[in-house]
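K.L.:
Sequence:
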Amino acid sequence: MEAIINKYGLKEGLIIREGQIINWPYDEDEPTSSELETIIGEYELATDYIEKRVAEYPDVEDQLDMIYKDQINGTSTFAEAILEIKTKYPKPE
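To convert, take the position in the sequence shown, counting from 1, and add 57; that gives this note's numbering.
Misleading hints may appear alongside valid ones.
[Stated by the list, open to error] Ranges of calculated distance between the beta carbons of each label pair, as one might list FRET restraints:
hint, residue 1, residue 2, range
1, Y146, D84, 34 to 40 Å
2, I72, K148, 28 to 34 Å
3, Y83, K109, 29 to 35 Å
4, Y146, S91, 27 to 33 Å
5, I79, D122, 46 to 52 Å
6, K148, T89, 26 to 32 Å
7, N130, Y65, 33 to 39 Å
8, P115, E150, 25 to 31 Å
[To be verified] Each computed DSSO-like pair below joins lysine-lysine, with the alpha-carbon atoms no more than 27 Å apart:
hint, residue 1, residue 2
9, K145, K126
10, K109, K148
11, K64, K143
12, K143, K109
13, K64, K148
14, K126, K143
15, K145, K109
16, K64, K109
The hints are simulated quantities; they were obtained by calculation from the structure and are not laboratory data.
These numbers come from a predicted model, not from an experiment.
All residues carry an ideal CB built from backbone N, CA and C; glycine is no exception.
Make the full structure from the sequences, and use the hints.
P.N.:
This is how it looks when you write it as structure tokens:
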């Protein structure tokens, strides 16, 4: 459903159950099963990096602790930790 909303926007009346479109309130033609699979696949490829980054980012408390210690010590531990994860899982172009 997120892939559909990402492509067409959220519109009242959209109903999707178990991967099947029940109600299609958009002006555009309803996508075929093949088109829907393509839309979902493209969305997953475009957003896969987000889940991977989130799984590796330190907890918010640890991030705040790093920021505080960086300010006190004049270091860049926080920025380096985040950059390492962003480099490991780059945002697709």
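K.L.:
Run every hint past the structure and note whether it holds.
P.N.:
Hints versus structure:
no., hint, in the structure
1, Y146 / D84: 34 to 40 Å, "holds (36 Å)"
2, I72 / K148: 28 to 34 Å, "holds (32 Å)"
3, Y83 / K109: 29 to 35 Å, "holds (31 Å)"
4, Y146 / S91: 27 to 33 Å, "holds (29 Å)"
5, I79 / D122: 46 to 52 Å, "holds (48 Å)"
6, K148 / T89: 26 to 32 Å, "holds (30 Å)"
7, N130 / Y65: 33 to 39 Å, "violated (49 Å)"
8, P115 / E150: 25 to 31 Å, "holds (26 Å)"
9, K145 / K126, "holds (24 Å)"
10, K109 / K148, "holds (11 Å)"
11, K64 / K143, "holds (25 Å)"
12, K143 / K109, "holds (10 Å)"
13, K64 / K148, "holds (18 Å)"
14, K126 / K143, "holds (21 Å)"
15, K145 / K109, "holds (9 Å)"
16, K64 / K109, "holds (22 Å)"
Hint 7 from the list above is the single one not met by this structure.
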